[in-house]
Amino acid sequence: MQNLKFEVNADGVAIITFDMPGRTMNVLNEASIADYAEAVERVLSDDTIKGAVVTSAKPAFIAGADLDWILSLAQADLPANQRAINVYNTVLNLQKIFRRTEKGGKPFVAAINGLALGGGLELCLACTRRIVADDPRIQLGLPEAKVGLLPGGGGTQRFARILGPLQALPLLIEGRSLSPDEALKLKIIDEVSPADQLVSKAVEWILTSSPEDWIKPWDRKGYKLPGDDPRTLEGSFAFSAANALQRKKTYGNYPNLDAIQKAVYDGMIVPIDTAIRIESRLFASLMTTDVAKNMVRTQFINLQKANKQERRPADVPARTIAKLGVIGAGMMGAAIAHVAAKAGIPVVVVDQDAASAEKVHNHIRAVNAKSADKLLPLITPVSDYAELAGADLIIEAVFEDSAVKSDVIRKIEQVCPDAIIASNTSSIPISDLARASSKPDRFIGLHFFSPVERMPLVEIIMGEQTGNEALALAIDFVKQLRKTSIVVNDGRFFYTSRVFATYTTEGCLMVQDGIAPALIENAGRMAGMPVAPLALCDEISLDLIYRINQQDAKDTERAFPGSPAEALIQRMVAKEGRLGRKSRKGFYDYPAEGKKRLWPGLAELASVQETQPDVETVKLRLLTIQALEAARCLEEGIVATPADADVGAYLGWGFAPWTGGPLSYIDMLGAKKFVEICNDFAARFGDRFRPTAGLVEMAEQNGSFYPSAASRQEAA
Amino acid sequence: MQDCFIYDAVRTPRGRGRPDGALHEVPPLDLAAHSLRALRDRNNLDTSLVDDIVLGCVMPVGEQGSNVGRIAALNADYAETAPGVQINRYCASGLEAVNMAAAQIMSGQSEVTIGGGVESMSRVPMGADAGGWFTDPEVAFKTYYTPQGIGADLIATKWGFSRTDVDAYAVESQRRAARAWEENRFARSIVPIYDELGQVLLDRDEHMRPQTTMQDLAALKPAFAVMGDAMGYDAVAMQRYPEVEALDHVHHGGNSSGIVDGSAAVLLGSKEAGIRMGLKPRARIRAFTSIGSEPSIMLTGPEKVTRKVLARAGMTTSDIDLFELNEAFASVVLLFQHLLDIDPNILNVNGGAIAMGHPLGATGAMILGTALDELERTNRSTALVTLCVGAGMGTATIIERV
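Quick mapping for you: the protein sequence lines, in order, are chains A and B.
For the first sequence, my numbering begins at 1206 and goes up steadily by one.
For the second sequence, my numbering begins at -19 and goes up steadily by one.
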């Protein structure tokens, strides 16, 4: 039992202390589960042991199941049904151990000293009693839904039985963590206690409680589930509405969320042992779906890897930014200053005059009134570049114009010759801007997304000459902001903006093709995109898109408008005076009261065809164009790895999370099928759908972006 | 195959389906028995001749549970040899009961049967059966379940029927129903309900509001807007019909079928059975059928089933003298009329469920009787009776006078 310590105290109470060697956090994997099973059986079989306290020697209790391990079971090179059966047997084995702690006839008390998530919390839910240390930072929850899974250790069933099914569902589906106080209020835990008394209180309860106290409510005769019962008139309406609201949010794209709903519904009125089999079955069949595998890989495993910053040059010592400079107090500059201040970094914000620079304070008062008093002292608005002296990093966030930016870069270098300078440009190649710098190796791109406060990603762009010191500092800075970075290479619009623009552009092209705007918008959302394409254009603002299009035409010396999409935007802005949401007029009308509605006049700009395409075709068009552009970026070396492309897409523009990202999506379809679709669409909708040489080759060789199960086995 | 004839058809007046409704105090087994007794008494029917009693009931639980077909017959003091069965094709149950009862005769397996239905909506409310159709997430997702009212509003949105269109239809339904009552057009079918002391409990459809004007209706708030938004049903409907930008909620209590209590029964038999009963046939069942349609919008079955039954009978719409389509919601009727190009002057000529109410399990048998009465009154020959049905179905029957 090397993953836990097993002791029996003088009172005859066993203390089971998880402490996995070589790991910062305990997890449930094959070895730790086997050790726990052994410990449980020892408690139950030894007549001198009265009960057991389960706790952890690490700061966290148990972080959850080892998803790499579960994924490896689900992806083993076996027929799908056999893989599912293997996963089923594995989780059922864990569930049986949990039922032993519930039904074994001795009390097991979880002394939860730190975070308990997923399988970690499920282990506790199966204990007789749960006591949690009095620390509001402790997270208790079942976050599986967020990474494409469902709780497979009895969590759906015990939550439903403690809270009532319709009260449990939102927690299970959102995967939200609870503080100890919240969990106590919901009766998910039984007691909150000072950390140093956790174990002694657990021992005391074991010694003073009676066998009657050790029976779980659902193991008592006549047990009735709390909350709504779907077999009643009122209950049936409540369940019906819950189903509809679920469908409203998921568009049927998330098999794990459907499985959670099904597990709760199918499991709630049968005996718990039957319910557990139902949950285990659903977990196992889910684990072998592409959606679950892709979501776990991108949103958990690769996201964690991204946060470990494998791209950071190891030979550059870590640095903490002690002073940040920001040029431009506009929307982006102010927001960057805001998040830096929130991370405790003093910021100097330079704008052309003091009044302009003051806008940064106004921004913070507007978006974060609560903390403004604390944050404003950290931010110094000035008009004099000299105030930047001593800054470790200076980010320019001025008007998107090469000449303006070049001028700013020169001004910065006059006062801070040794600082690392970053540009927040979203479109201009970093190597072009670096020409204004006398030290291009110390010049880098830091592309923040709007709204900066909420967007978790920063795209770090390497210019041709950007050096390791700049890269390391940029990575350290993003980490300091508690955001995730991906490192990409230079090129027009880099990675995220370039791919993302294909989505809005395709929406505009569809309008020009005569597809009904309502169908385009619904298809965008149904495909899993967070915002519909035309609505997104309105959010970005049509005049900004117009300016970017014009600038691009100028920079690349091409004709303008270069496509029917650009022509549509031009018409909307220049002729119709519709600038998007900010002017309450764009592709939508924004009435003072009520919901936005598509602008009826759009039909006059592009007449709607009599025969409309199937919604599946529209969805496929919107996803295919993005996936293809992401594949181009990988092929051109803009992004380095499929993982960067997928994590960047997930965090950067919320690309249909159910797919696991654009390249995972291609893998899901299979390269052959994807190339077929591209060729078909190229013939029907235009050359932009022509597949890349790399994709054609991948299709011929039956390859994939991520290693398949078979090739992984070979590698191992 | 032998012919099946309609020998008689009766219905109760429809009471408001609320605690203050006149029939709220009548238990469903008595309400159903009432039509069965009337059918027996006014025809001097020897109930030992009855081979089966098929009664429709949409909420066959609680008081309406345990096979209302059999128990109502026992309660009506029918011969114990007269068996009974309850069936559920949602809103078409009453017509489906007649069709199934007719099928027994046409197949030669029965000689005398009764089809009908009952629903005491005031005592066993809609939803009392708490079906898994909408509670079981797997099924709800698969079928894009939305309540009927959302489907009705979706029809209006998709085919462009405005609030004015549906309200105008409702006003006309009230006008036609009022005229029919004034001219005693329902007299042959209606059997008033008396209490134990012989006092009239109800002798007239109670739900009607003949004075209704467009202005009255304009004052009503859409009934399904809040539900559609807050409970997510609009979004579900739009995922099934993504060409729709937003639902136009045009229906309300005034242009939807009324919630009422009532029962109906239709006496069917072969030609020989008629001779044995000493009754003259009033009409022949010419053809009937049902069909499934898209379940989420739910209410588009009537047009499809009408085409199907006409094709089976070798007929076209021009062969039909009178159409009777249950007024579940105004948009359902407007869509039917639009898709089949039906002359409004031969469709629901005496009003319908918007004015008089829709006692779910009974309505089909009621409107069959209404159509037959009207054929006789105007000396016309053929009628087609149809209803939209829950979960996306339609049922239709063609009758012709003999």
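Please keep in mind that the hints were generated in silico from the structure rather than gathered at the bench.
Heads up, some of the hints might be wrong.
List time: in silico DSS-like cross-link candidates among lysine-lysine, alpha-carbon distance up to 27 Å [stated by the list, open to error]:
1) B/Lys122 to A/Lys1467
2) A/Lys1790 to B/Lys138
3) B/Lys138 to A/Lys1800
4) A/Lys1801 to B/Lys251
5) A/Lys1454 to B/Lys138
6) A/Lys1467 to A/Lys1454
Right, here's what the structure says about each hint:
1. B/Lys122 to A/Lys1467: holds, 12 Å
2. A/Lys1790 to B/Lys138: holds, 25 Å
3. B/Lys138 to A/Lys1800: Distance ~19 Å between B/Lys138 and A/Lys1800 Cα, so the pair holds.
4. A/Lys1801 to B/Lys251: violated, 64 Å
5. A/Lys1454 to B/Lys138: holds, 23 Å
6. A/Lys1467 to A/Lys1454: holds, 16 Å
Of the numbered hints listed earlier, the single one contradicted by the structure is hint 4.
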